Amino acid sequence: MTITKTNGSKTVENKKARIALKILTYFISILIVFVFILAFLPGLKYWSWEFFSSFPEDQMTGGGIFPAILGSILLTAVSLVIAIPLGIFLGIVLSEYNLSYIKFAVTILSGIPSVVFGLFGLGLFCITMNMRTSILAGGLTLSLMVLPVISSSVYEVMRSIPRELREAAYALGARKSEVIFDMLVPSVRNSIITVSFVSAGRVIGETAPLILTAAVFYATNLPKNLLSPVMTLPTHIYFLAAAYGTKARWMAEGAASVLILFVILVYTIAFMFRREKK
Amino acid sequence: MHREIKDKSRKALLAISSIIAIAALFGIYYYLIKESLPAIRSVGAELFFSDQWYPVWEPAEYGMRSLIINSLIVTVLGTLLVVPISYFIAIYLHGFASKKEKGIIRRLIEYLSGIPSVIIAFVFLTYLSPVFPNIGIYSPQNLLLALIGLFFLTIPISTVLILESLDSVPRELEESSAALGALPLRTYMKITTRAALSGVLNAIVLTANRIVGETIVVLLLGGGAAMVPAKLTDPMKTLTAVIASEMPEAAQFSIHYSALFVAGLVLVLFSTTFELISVMLLRRSRR
Amino acid sequence: MRKFLIAMVLVSIFTVGVFAENLVIKGSNTLLDAAQLWVEAFSKENPDVKVTLEGAGSSTGIAALFNGTTDIANSSRWFKDSEVQKMFEAKKWFAPILVAWDGIAIVVHKDVPIKNISVQQLRDIYTGKITRWNQIDPNAPAKDIVAFSRNTASGTFEVFKEKVLGNEKMSPRVRMLESSMAELETVANTPYSIAYFGIGYVDQSVKVVSVNKIMPTKQNVLSYKYPLSRPLFIFIDVSKGWPEEGPVAEFVRFVMSAKGQQLVEKAGFVAALGQ
Numbered sequence: 001m002t003i004t005k006t007n008g009s010k011t012v013e014n015k016k017a018r019i020a021l022k023i024l025t026y027f028i029s030i031l032i033v034f035v036f037i038l039a040f041l042p043g044l045k046y047w048s049w050e051f052f053s054s055f056p057e058d059q060m061t062g063g064g065i066f067p068a069i070l071g072s073i074l075l076t077a078v079s080l081v082i083a084i085p086l087g088i089f090l091g092i093v094l095s096e097y098n099l100s101y102i103k104f105a106v107t108i109l110s111g112i113p114s115v116v117f118g119l120f121g122l123g124l125f126c127i128t129m130n131m132r133t134s135i136l137a138g139g140l141t142l143s144l145m146v147l148p149v150i151s152s153s154v155y156e157v158m159r160s161i162p163r164e165l166r167e168a169a170y171a172l173g174a175r176k177s178e179v180i181f182d183m184l185v186p187s188v189r190n191s192i193i194t195v196s197f198v199s200a201g202r203v204i205g206e207t208a209p210l211i212l213t214a215a216v217f218y219a220t221n222l223p224k225n226l227l228s229p230v231m232t233l234p235t236h237i238y239f240l241a242a243a244y245g246t247k248a249r250w251m252a253e254g255a256a257s258v259l260i261l262f263v264i265l266v267y268t269i270a271f272m273f274r275r276e277k278k
Numbered sequence: 001m002h003r004e005i006k007d008k009s010r011k012a013l014l015a016i017s018s019i020i021a022i023a024a025l026f027g028i029y030y031y032l033i034k035e036s037l038p039a040i041r042s043v044g045a046e047l048f049f050s051d052q053w054y055p056v057w058e059p060a061e062y063g064m065r066s067l068i069i070n071s072l073i074v075t076v077l078g079t080l081l082v083v084p085i086s087y088f089i090a091i092y093l094h095g096f097a098s099k100k101e102k103g104i105i106r107r108l109i110e111y112l113s114g115i116p117s118v119i120i121a122f123v124f125l126t127y128l129s130p131v132f133p134n135i136g137i138y139s140p141q142n143l144l145l146a147l148i149g150l151f152f153l154t155i156p157i158s159t160v161l162i163l164e165s166l167d168s169v170p171r172e173l174e175e176s177s178a179a180l181g182a183l184p185l186r187t188y189m190k191i192t193t194r195a196a197l198s199g200v201l202n203a204i205v206l207t208a209n210r211i212v213g214e215t216i217v218v219l220l221l222g223g224g225a226a227m228v229p230a231k232l233t234d235p236m237k238t239l240t241a242v243i244a245s246e247m248p249e250a251a252q253f254s255i256h257y258s259a260l261f262v263a264g265l266v267l268v269l270f271s272t273t274f275e276l277i278s279v280m281l282l283r284r285s286r287r
Numbered sequence: 001m002r003k004f005l006i007a008m009v010l011v012s013i014f015t016v017g018v019f020a021e022n023l024v025i026k027g028s029n030t031l032l033d034a035a036q037l038w039v040e041a042f043s044k045e046n047p048d049v050k051v052t053l054e055g056a057g058s059s060t061g062i063a064a065l066f067n068g069t070t071d072i073a074n075s076s077r078w079f080k081d082s083e084v085q086k087m088f089e090a091k092k093w094f095a096p097i098l099v100a101w102d103g104i105a106i107v108v109h110k111d112v113p114i115k116n117i118s119v120q121q122l123r124d125i126y127t128g129k130i131t132r133w134n135q136i137d138p139n140a141p142a143k144d145i146v147a148f149s150r151n152t153a154s155g156t157f158e159v160f161k162e163k164v165l166g167n168e169k170m171s172p173r174v175r176m177l178e179s180s181m182a183e184l185e186t187v188a189n190t191p192y193s194i195a196y197f198g199i200g201y202v203d204q205s206v207k208v209v210s211v212n213k214i215m216p217t218k219q220n221v222l223s224y225k226y227p228l229s230r231p232l233f234i235f236i237d238v239s240k241g242w243p244e245e246g247p248v249a250e251f252v253r254f255v256m257s258a259k260g261q262q263l264v265e266k267a268g269f270v271a272a273l274g275q
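Protein chains in written order, with our numbering: chain A, 1 to 278; chain B, 1 to 287; chain C, 1 to 275.
These are calculated hints, taken from the structure and not from any lab test.
Note that the structure is predicted; figures quoted are calculated from it, not measured.
Just so you know, not all the hints are guaranteed correct.
Here are the simulated distance ranges between beta carbons [stated by the list, open to error]:
id: 1; chain 1: B; residue 1: Asn134; chain 2: C; residue 2: Ala41; range: 56 to 64 Å
id: 2; chain 1: A; residue 1: Leu44; chain 2: B; residue 2: Phe49; range: 27 to 35 Å
id: 3; chain 1: A; residue 1: Tyr26; chain 2: B; residue 2: Ser9; range: 51 to 59 Å
id: 4; chain 1: C; residue 1: Gly274; chain 2: A; residue 2: Met129; range: 56 to 64 Å
id: 5; chain 1: B; residue 1: Gly103; chain 2: C; residue 2: Ala41; range: 55 to 63 Å
Yeah, the Cβ is synthetic: ideal placement off N, Cα and C, and Gly gets one too.
So that you can see chain A by itself, here it is in the shape it has in the complex (with noise of 0.2 Å):
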């Protein structure tokens, strides 16, 4: 939405105003091209069949990220099928049943740094509970966190429901929970659908919660369990960061690479679902 208005002087002062800010945003939109292509293009070249499908080797100068992509989705699926069945009862609970506290307890809950989940994750599901550095424990840590995200925008995009529909539908003899869980939320599919694939995302990418609860360095089988320590896409390129030196960056840069394909090809796919339902 623009505003035209012309003014003599006045228009060329608002004309260099305006100038600025689009060359300032211009500047900062390429600085993010740029950060997405020194992330994904150098580690391209080592993609391969190999590259995807073995072990690392030689001490991280040969093979592959295998574990680390399988290490990733297990993580992924075990946190998300935690968290998106409760973060939509609980988004239904904010925008249908209006209970303050509740809404108080998941703002706060979503503002907690993932740090501070791992240090809970791994006091309570892994030294209490005895899951050791697990995928379970992970996962649970992982679902906890990103629990409030769910829940937050399942509220809001059930508040955006008009209100007749809701009116119309008691009107016609429905008790409450059908009214919610026969007519309002399949109305709502594809948005619950974006913003499941976004909290995907989300959950690919987490590094620090999985660092103290779930992951390890390097695992020379697949996990059996789901009490198995894993490797991730994340972690793993931490490690390599942190621990390794340049004999290891490729295999860091490689993946890096997949970990953004992941995370592009869920927001599209994200985006797309949102675009369908307007």
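Starting from the structure of chain A, add chains B and C where the hints point.
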């Protein structure tokens, strides 16, 4: 009958989800406090007043004053860096950009918001960090580098939040301002912004919260020195970085373990404060 | 709704799953190279044991032993007094297995003109009393010493703290890096820098200086002539008795074997057995 069961079970699920949310919040606070108590009891006020963080020495010292100050410095400087720039970008997108421009740039920024922090940290560590020794700065990872990383990390949420609040201001306000002879920029900055003020302030608070809670970027780019930086190019370490890097070496039941939980508690208090301010601001805007 | 239930069922099947043998190894970064070689060779001979490895620092391994989150702790240092105390309190007993000998090499950037350093000078550098290279050698340039160290999780750090610093506080201006590899690379690329790490990690890109006129050669390390020599260990939890069977036992046997010790030398350290 069938309908009854469905109804009851659905209500039960809704109740369970609510209980889990509240339990999680209380659980986190309770657990943090419980595990912090040993350190608080044995180290006491020194935790917060001393800047000697030597947890593995014998006798060990657990002064996290520098860490707390560093977390605050990073948050304040980071927010000061990101918010004005994202504000002006939002103004441009709201009032001066064409629909296509706005759509494309906004989409670009939304994609950026999805990039994991570890990748941003990795990119800057690989390409920007080596530049520092070449220009004579002794520490290749430092506060400045961390701030740059944080900038790219938080520019999306800041810009999108401000843009959304600017966009939500009713058109009539802007149109009447224009009708009265005000130029677009003035309209946006004085009128629209004031109307969207609580939304803009909310963006500031949430950005600050995001920064104070960020771990990987400050860990890989900040430099790891447990001291308050005297200049931008000095290395430093924050509460989040110290938790992530030292937790694996702290055994349960040790004071070190407990002291790290104290750091976590401090962080939660910061973030809760930010969120409370945000809640208050949002309540104001609904008025 | 139905999809969710199906997913839950699949996830739980996966949980119950195959009961595989897990072997978790955590700990020393110094031993990480050797450990990776061990794990790779061991896995070839024992394909049904699932091994995971981490090398964030000796203290992380020992802490994990206490927490019950690892089977084997690699360590480049001995126990701290507080850890011995804790073992007593928690009624746990960790047995050490000596797997290699190492010397902590003092490494500088190639352009630094000094060839020797004394332990006292090292201490003064790392506690911040000496800050320029010409304070070590008047012929050296008057440039700031850029000192690097391992982080506090590191066993190498602990040994350095004990043998060089004499438990004095390390200056906060000393930059802490997460791994020996990172130290190697940083020193190679940072002019006027100095760092320390196990000899296994030294390569052509940096310069090793002698300490008290003694170089960390294999002989000097073995005979303890080199002042910063130290043993490298594996710790296992023997509170319930010595493991004679199972993945832990197999792995220990492997490390002690000729092949295992050969890999120690391949990693650049001095083998513990058969010298």
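A quick look at each hint next to the structure:
In this structure the hint that asparagine 134 of chain B and alanine 41 of chain C lie 56 to 64 Å apart at CB is violated, the actual value being about 41 Å. Checked against the given bound of 27 to 35 Å, the beta carbons of leucine 44 of chain A and phenylalanine 49 of chain B, roughly 51 Å apart, lie outside it. In this structure the hint that tyrosine 26 of chain A and serine 9 of chain B lie 51 to 59 Å apart at CB holds, the actual value being about 55 Å. Checked against the given bound of 56 to 64 Å, the beta carbons of glycine 274 of chain C and methionine 129 of chain A, roughly 45 Å apart, lie outside it.
Judged by the Cβ atoms, the range 55 to 63 Å given for glycine 103 of chain B and alanine 41 of chain C holds: they are separated by roughly 56 Å.
In summary, the numbered hints that this structure violates are 1, 2, 4.
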